[in-house]
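Novice: The task is to assemble the complex, starting from two chains supplied on their own in separate frames and drawing on the hints.
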Amino acid sequence: MQKIQIIIIFINSLLLFYIARLIIKGKLREEYAIAWIVCTIVLMFFSFWRNGLEVLAKAFGIFEAPNLVFTSFIFIILIYLLHLSMVNTKLQKDITKLTQEIALMKQKVKKDESNDAA
Amino acid sequence: MTKKALIIIPCFNEEQSIAILLGELSMIDFSGHYDVNVIVVNDGSIDKTAEVVSQFDIILLDLTVNLGIGGAVQTGFKYALENDFDVAIQVDGDGQHPPAEIQKLLNVYHETKSNIVIGSRFITKRGFQSSALRRFGIFYLHWLNKVFTKKNIYDITSGFRLFDKKAIALAARYYPDEYPEPESLVIFAKAGFSIAETPVMMKPRQGGQSSIRYFSQMYYMIKVTIAMFFSYIRKVK
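First to last, the protein sequences are chains A and B.
In terms of the numbering used here, the first sequence opens at residue -11 and continues consecutively.
In terms of the numbering used here, the second sequence opens at residue 38 and continues consecutively.
In isolation and in its complexed conformation, chain B is listed as follows (with noise of 0.2 angstroms):
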């Protein structure tokens, strides 16, 4: 039986990247077991993101607010549990998570059937690596997911991750908007969810700008560790 799989595509002015991101997709083959279904979430774009991705023939869902990116992959989970999809995959709309890696993640998912599966830059040191100290930072989180979580994850920040029916109706229900990729796996974790994590190649944004940039680096540590620690001790309900 095919399983109805869904690409979460967050996007914030992405005009330049997210008709070359399309246009790569389309051409992927997903054929054998998974029936694929691509969905752009534009989180309230000033630019023509909208109208460059009505070109395409896939479903946009137009956030008439800028939620930020939790909240527009969040707004893809609530689509992919209202139409019942098996899987879902986030590929973020920069171009750093390239298409023909998704295959990558789903052959995992069909191997290990986790409920989490994590495109991961540094289980080998191969392809995008980033600057030295978004490198310590990575660490710190790394230690940090350790304590909570009490799992080795290496690359808690990447946001190509696919999630398995029951992790759609988790983060559907609940999932973080600002940062949330560390957040959410101390999340996944309590919940019991085994996750995987797989090497992929990513590649250097192509355009547009990163959600995390130098002044806000600090902040971001210091929301982070202040989220995973409140989410850990939270009760899930």
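Looking at chain A on its own, in the form it has when it is part of the complex (with noise of 0.2 angstroms):
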């Protein structure tokens, strides 16, 4: 084993344990975690197959490595923030809606109150 993949490996196991504890934490949903806990074991996997990358960029046809490397993080990279455009639409909807909710509740409260001091 060179040292590269060591230090790889190492600072993987250091992301991978950090993630457990934002989830533990309930500071990062599951759902969300799915995404970093997979890349982090694809790393480690790679990490410890070395010639890995090698082998499957022949099976898909790319002469260099790394534009393997390059064109599928990239492809993941615009799921992933075309999943969080999801998250944050339905996030702007909840917010409106609770808004909304919140406003006619203080104006019934504050009416009440009105009609209570009469």
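Hints are computed from structural coordinates only; laboratory data are not their basis.
Every residue gets a Cβ at the ideal spot worked out from N, C-alpha and C, and that includes glycine.
Wrong hints could be hidden among the right ones.
In silico DSS-like links for lysine-lysine, alpha-carbon gap of 25 angstroms or less [unchecked claim]:
no.: 1; chain 1: A; residue 1: Lys96; chain 2: B; residue 2: Lys202
no.: 2; chain 1: B; residue 1: Lys272; chain 2: A; residue 2: Lys81
no.: 3; chain 1: B; residue 1: Lys272; chain 2: B; residue 2: Lys227
no.: 4; chain 1: B; residue 1: Lys272; chain 2: A; residue 2: Lys78
no.: 5; chain 1: A; residue 1: Lys98; chain 2: B; residue 2: Lys188
no.: 6; chain 1: B; residue 1: Lys183; chain 2: B; residue 2: Lys260
no.: 7; chain 1: A; residue 1: Lys81; chain 2: B; residue 2: Lys150
no.: 8; chain 1: B; residue 1: Lys227; chain 2: B; residue 2: Lys188
no.: 9; chain 1: B; residue 1: Lys260; chain 2: B; residue 2: Lys187
no.: 10; chain 1: B; residue 1: Lys272; chain 2: B; residue 2: Lys183
no.: 11; chain 1: B; residue 1: Lys183; chain 2: A; residue 2: Lys94
no.: 12; chain 1: B; residue 1: Lys183; chain 2: A; residue 2: Lys81
no.: 13; chain 1: A; residue 1: Lys81; chain 2: B; residue 2: Lys227
no.: 14; chain 1: B; residue 1: Lys141; chain 2: A; residue 2: Lys99
no.: 15; chain 1: B; residue 1: Lys260; chain 2: A; residue 2: Lys85
no.: 16; chain 1: A; residue 1: Lys94; chain 2: B; residue 2: Lys41
no.: 17; chain 1: B; residue 1: Lys187; chain 2: B; residue 2: Lys150
no.: 18; chain 1: B; residue 1: Lys150; chain 2: B; residue 2: Lys203
Label pairs and their computed distance ranges (CB to CB) [stated by the list, open to error]:
no.: 19; chain 1: A; residue 1: Ala21; chain 2: B; residue 2: Arg210; range: 47 to 55 angstroms
no.: 20; chain 1: A; residue 1: Leu79; chain 2: B; residue 2: Lys40; range: 57 to 65 angstroms
no.: 21; chain 1: B; residue 1: Lys240; chain 2: A; residue 2: Leu79; range: 32 to 40 angstroms
no.: 22; chain 1: B; residue 1: Lys187; chain 2: A; residue 2: Val30; range: 30 to 38 angstroms
Specialist: Following this line, the structure appears as structure tokens:
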């Protein structure tokens, strides 16, 4: 095993540990954590099996193995960004609903209070 | 039987113009067919809008977060739905829509019983007209709207509109939050609503800024085009 592999595996373990901690502390929802955990596992996998990248690249007909990494990662990142936009849209909708509900309720409470006072 | 009408005034940082508008509104006598209530939706203003409004004897809905014009107006529709109003009229807080013209919308509604009545700047060339670039944009939207709704509506972007009970119920459930006017017309047309239009005089804004400024005009056109297209192909739930 080469030096770089050990470093990568070490950093990867740290990342995995950190993600686990975030989930435990409730700072990261499990559904978003899935993507991160899968990423670390993939990284881990290829740091153990160094030739794997070359083998895969050849299988896809890509001459330079790093290009496979870039292409696949850019694709995955784009999909993930789309997912985040969806999450954002939902959040925005929810916030709108809540804000409207709160305003209507505040008004109702105020009306009831002034009726009580009268 | 007198019907209940709700005037919805969305405002965002309109401390200068809102007092004038509310003053003018209080002078108008709507006696006759309608029992008129006024509601101001304060869209998370950071100036003294809420303070100014609370000096008047009207209903104030205070949004904690700025939702944009559509979200603010929709809050008014939700109020109208909960409190069983027969018609709702949107009047912008910047003073562009003169309260004296509200009666016109009510009259047209009374005569035509349309689901929506639009107060339009363009049917006759009177009153305030906007700049050339804006007019081109409005021409484009007019064409786009004709494609999507098969209806000839002159002032697509007018926010000065009357909604009947059916339209209130739909808008309370679904109303776009950003630049809502053109998109909502597509939704209303798909729901099979009848839309009437009447010429009104509009004034240049009394203060504050338009929600559509130079840099965002391109964005406005693109966003509205996409929104209208998707509203057109989306199934109405």
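Novice: If a hint holds in the structure, say so; if it does not, say that too.
Specialist: Hint check:
no.: 1; hint: Lys96(A) to Lys202(B); in the structure: holds (22 angstroms)
no.: 2; hint: Lys272(B) to Lys81(A); in the structure: holds (19 angstroms)
no.: 3; hint: Lys272(B) to Lys227(B); in the structure: holds (9 angstroms)
no.: 4; hint: Lys272(B) to Lys78(A); in the structure: holds (19 angstroms)
no.: 5; hint: Lys98(A) to Lys188(B); in the structure: violated (43 angstroms)
no.: 6; hint: Lys183(B) to Lys260(B); in the structure: holds (17 angstroms)
no.: 7; hint: Lys81(A) to Lys150(B); in the structure: violated (32 angstroms)
no.: 8; hint: Lys227(B) to Lys188(B); in the structure: holds (11 angstroms)
no.: 9; hint: Lys260(B) to Lys187(B); in the structure: holds (21 angstroms)
no.: 10; hint: Lys272(B) to Lys183(B); in the structure: holds (19 angstroms)
no.: 11; hint: Lys183(B) to Lys94(A); in the structure: violated (41 angstroms)
no.: 12; hint: Lys183(B) to Lys81(A); in the structure: violated (29 angstroms)
no.: 13; hint: Lys81(A) to Lys227(B); in the structure: holds (22 angstroms)
no.: 14; hint: Lys141(B) to Lys99(A); in the structure: violated (31 angstroms)
no.: 15; hint: Lys260(B) to Lys85(A); in the structure: holds (22 angstroms)
no.: 16; hint: Lys94(A) to Lys41(B); in the structure: holds (22 angstroms)
no.: 17; hint: Lys187(B) to Lys150(B); in the structure: holds (20 angstroms)
no.: 18; hint: Lys150(B) to Lys203(B); in the structure: holds (11 angstroms)
no.: 19; hint: Ala21(A) to Arg210(B): 47 to 55 angstroms; in the structure: violated (34 angstroms)
no.: 20; hint: Leu79(A) to Lys40(B): 57 to 65 angstroms; in the structure: violated (39 angstroms)
no.: 21; hint: Lys240(B) to Leu79(A): 32 to 40 angstroms; in the structure: holds (38 angstroms)
no.: 22; hint: Lys187(B) to Val30(A): 30 to 38 angstroms; in the structure: violated (52 angstroms)
When held up to the earlier numbered hints, the structure conflicts with 5, 7, 11, 12, 14, 19, 20, 22 and fits the remainder.
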